[in-house]
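2 protein chains.
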Amino acid sequence: MSAVEELRNKIAELKQELDQQHQNAVQIGARQRIEKMSAEVVDSNPYSRLMALQRMGIVKEYERIRDKAVAVVGVGGVGSVTADMLTRCGIGKLILFDYDKVELANMNRLFFTPDQAGLSKVEAAARTLSFINPDVCIETHNYNITTVESFDKFLYAIAKGGLISGQPVDLVLSCVDNFEARMTINAACNELGLNWFESGVSENAVSGHIQFIRPGETACFACAPPLVVAENIDERTLKREGVCAASLPTTMGITAGMLVQNTLKYLLNFGQVSDYLGYNALNDYFPKMTLKPNTDCDDSHCQAKQREYQAKAKPILEEQPITDEENPVHETNEWGIELTDDNAEDQGESTPAQTNEVAFGLRHSFEAPPTQKQSSGAHTINSTENVDLDDLMAQMKSM
Amino acid sequence: MSAVEELRNKIAELKQELDQQHQNAVQIGARQRIEKMSAEVVDSNPYSRLMALQRMGIVKEYERIRDKAVAVVGVGGVGSVTADMLTRCGIGKLILFDYDKVELANMNRLFFTPDQAGLSKVEAAARTLSFINPDVCIETHNYNITTVESFDKFLYAIAKGGLISGQPVDLVLSCVDNFEARMTINAACNELGLNWFESGVSENAVSGHIQFIRPGETACFACAPPLVVAENIDERTLKREGVCAASLPTTMGITAGMLVQNTLKYLLNFGQVSDYLGYNALNDYFPKMTLKPNTDCDDSHCQAKQREYQAKAKPILEEQPITDEENPVHETNEWGIELTDDNAEDQGESTPAQTNEVAFGLRHSFEAPPTQKQSSGAHTINSTENVDLDDLMAQMKSM
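In order, the protein sequences belong to chains A and B. Under full-length UniProt numbering, the first residue of the first sequence is numbered 1, with each subsequent residue one higher. Under full-length UniProt numbering, the first residue of the second sequence is numbered 1, with each subsequent residue one higher.
Accuracy of the hints is not assured; some may be wrong.
What the hints assert, rightly or not - What follows is a list of derived Cβ distance ranges for each label pair:
#	chain 1	residue 1	chain 2	residue 2	range
1	A	34	B	313	51 to 61 Å
2	A	143	B	35	37 to 47 Å
3	B	130	A	32	22 to 32 Å
Simulated from the structure, these hints should not be mistaken for laboratory data. We put the beta carbon where it would ideally sit given N, CA and C, even for glycine.
All chains, full assembly: derive it from the sequences and hints.
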């Protein structure tokens, strides 16, 4: 073998090693896909602790999670952890929407890592999530859903993105940080009649909330719009130069946890899904409430869905008055803990979440209709006409 | 230049690229250490959103977090997320204790990744955490703290592990999954007079809790021992072959969030630290309570600390009766939300967490002493003498 030949062989060898390095960087340690979830209790089974929920009597058929598709709109402090939790739970499909980039300034929240700075959030998230669980189908959309041209793409993605061909996703999770995007998701879900969860964390980092919105059945985001929306104020004018919102990984993690836990309860049909669950970190206070739809809602699709819901619900309500027996304490509740009763106000009791006091900066810009006692147990919160900048700021902070 | 020379140059070039690849694999994207936390609002500042807590009026001096050392015992589903959150918050020092290895069966909870399977949990966690935030000092202890020889090492590590030479850590966080380890932490903290948080997640994955234990001031873990401890039962005999506990990233994430949020409130002196905060995922119920120390506690260090606390507290209590003015609604609470009053029982009100009903499987194996109305507002929970296997299982599930 000549010296030249030897050197050429050496080069081929080095090139091969480099290729291997590049490949490793992409899929170091990644596991193989798993065809069927197993309940087998071995260290190598990533689903054993989830399938154990069946043996514990919590979930009837855990594996049904593989048939579910969920859209996560906004992959920031709450959305990224939400996607991470759903991925580790083995959700069938995730559709991620964001148009922002990862920055070092995001490192005070869970999920993203410093090496991802500069990558688009959806791309960075998709890489990490596929690596954690290659069984989840992940689809990314890197655009702002609030622009006119993007709205149709967004609408199509959630209307046809389900795991059954041509069907919508099973749930939309809003993890965005502004009212305009929330109103966009609200409009899309009202039009499609899709159930969705709203979520938010306050600008001062010490409170958060989730809200389950079922078009026609509960208040939509436009039924009880924040003042900043109702007054048609450009929210960007409320943000000041050189000032950023505070955030904590704790509040974001708890809000994502409440969001995904209620998502699991809804998708896998166990426990009670909360209509609204708040969190105040300063005193560990977690208010719950239900918001009735506004019959004068500005969104015509909401009004149409309300009429559909009333038409369907009426004969049921008239024939079968709801009794306590229909809301039994969950079978697995072995500790005699009493469930919080949303009808408590009817029994003369009152908790902060159930009075007419405004909680968590939630303010309604319209007068509440006269309370109609309904067997559904839903109730409204009184509004106020008193509009000033303090109110607006309090509201901004409550989102 | 000859062909041989050209080939040699090519080899040198390829070798250099390979070296670079190897180096990247070790420290790809890692950022430089930051000498001083800055509040500057730029994308490259990992602390801007945390320092904003000062401008928002939530925390007086956020940077004091850099002077704090926290021990995290147990780096599993709750402990790993706890360490992750504290690292992203920029804690000064973390001391991690565990003796377990990462397995694919852990992938249904946040933090660890499939490529870490086989690594020790403390080593895998330390690598990830140092990469996320190189400003945090991370110390690892890879042993079982419950063995006789390890106990002294554990005691020394928390007694001398503070950031001021020779001083103890500022707080111990228990994130273990068994009673024996909890009793070990309890014994160490009683001996040293160190404040610590207990935490736990139920075997059926749908409840969790945190408990703040201040030796002498609140009940210690031995004051109100779970039956399995009081009856001296080997808890390993309660676990069945081929059966594993269920777990969910949501419940673990929420429990870690509650734990770290209360840690931040305690270390940085804002809001109200909860003595006990529970979480029931099935109905989004979060009970709160306070447990008084047991004057007949089996732990002699606890009894000594109780006498010290009483001696210190007595003159203060006699001279300054506690009034509502000493517990004002937090200044940043702009929404008029009323704080939950632990004294509610004195006013004839009652919530599930404040009655004598047993919540979350907590059962006391001793008769509660006659209730002494004290201005501290603490209260006890009645015990039961009724010991059977169902009780034990309910308790196991509640941890």
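To see whether the hints hold, each was checked on the structure:
no.	hint	verdict
1	A:34 <-> B:313: 51 to 61 Å	58 Å, holds
2	A:143 <-> B:35: 37 to 47 Å	39 Å, holds
3	B:130 <-> A:32: 22 to 32 Å	29 Å, holds
The structure meets every hint from the earlier list without exception.
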